Amino acid sequence: MMERVKAWVNDQLALGEFSSREQVLRRSAIMALRIAALAYFLNVASHLILYAAGVFPYDLPAALVIASVLTPLIALPVAFIAYYVVGQAVYELALSRAEFERLSRTDSLSGLLNRRAFLEAIETAVSPAALAIFDVDRFKTINDTLGHVAGDEVIVAVAGRLAALGCGRHIVARIGGEEFAVLVCGLSPDETLAYVEDARSLIEAQPVACGAGPIAVTVSAGVADCAPGRDFDDLFSHADRALYLAKVSGRNRVVHERAVAGVVPPTRYEAPFGEIVRDLGGGRFATMAAGRHQPKA
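For the sequence shown, my numbering begins at 579 and goes up steadily by one.
Calculated from the structure, these hints are not laboratory results.
Hints are supplied without guarantee of correctness; some may be wrong.
FRET-style restraints, in silico, Cβ to Cβ [to be verified]:
1) 666 x 706: 25 to 35 Å
2) 666 x 620: 21 to 31 Å
3) 796 x 598: 52 to 62 Å
4) 702 x 646: 52 to 62 Å
5) 746 x 660: 53 to 63 Å
Computed from a predicted structure; not experimentally measured.
By construction, the Cβ of each residue, glycine as well, lies at the ideal position given by its N, Cα and C atoms.
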């Protein structure tokens, strides 16, 4: 019996999690009422026990009236304040934890997912899916001639357009420098190419406004299809080779991995490609594309 009472009390007093300050206020009021009711019950019960034992020094009816008035008057505000203060602390802690998690998964400049978050997301992607790698054309020239501030504005603008076109359906990330990755989900191969081409055209059609004036920006993209049994190392290397072919073919274009078949890999791919390190304990990819040696332009 005592264990059941103890479990009930613990359940009633448990803080749990809070999704808003309004929920903290509402649950504080409810909990204050419960605590006041529990305090009133215990007060009355102790009066009756003492009275039955013949050791109660006061008139029982008068004592019960006083208990009925004073117990809620004291218990309600004290319980409300205590629960509200602790609830606010729990809510603030949850906000801090959520913000820390968001920052650890977000690229600070573009606001897109970072490499870590992208690799986690790609592990749970459902077929059909394809990987598209976008690279800003002649980005080094933008940085060298207009400055790094202009380069940052280009990164932010391209990221915004890719994210807007993805509409939350596709997974968009900045994976380093001027390079972006998009996991295109739920589209056929032809629809995927059309989507990537639309993204390329959108970026080309809208110059980036910055302090130095409008900047005409284009991107090149390489696409590779996800397939059962295909690991990310292989997927990424094929998308990257397609991107390289798009670059050497004149830039500002989309190339699918099928177009790379039979093409001899350039020197920059002689080293192991996309050296992806798996964390065997959690099955997470730790790094991406460590094997690239020459920056794309």
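Status of the hints after comparison with the structure:
Range check, residue 666 to residue 706: about 47 Å between beta-carbon atoms, so the 25 to 35 Å window is missed. For the hinted restraint 21 to 31 Å between residue 666 and residue 620, the CB-CB distance of approximately 27 Å keeps it satisfied. A hinted range of 52 to 62 Å is violated for the C-beta pair residue 796 and residue 598, which are about 45 Å apart. The beta-carbon spacing between residue 702 and residue 646, approximately 58 Å, falls within the hinted interval of 52 to 62 Å.
Between residue 746 and residue 660, the C-beta spacing of about 42 Å breaks the proposed range 53 to 63 Å.
Hints 1, 3, 5 from the earlier list are contradicted by this structure; the remaining hints agree with it.
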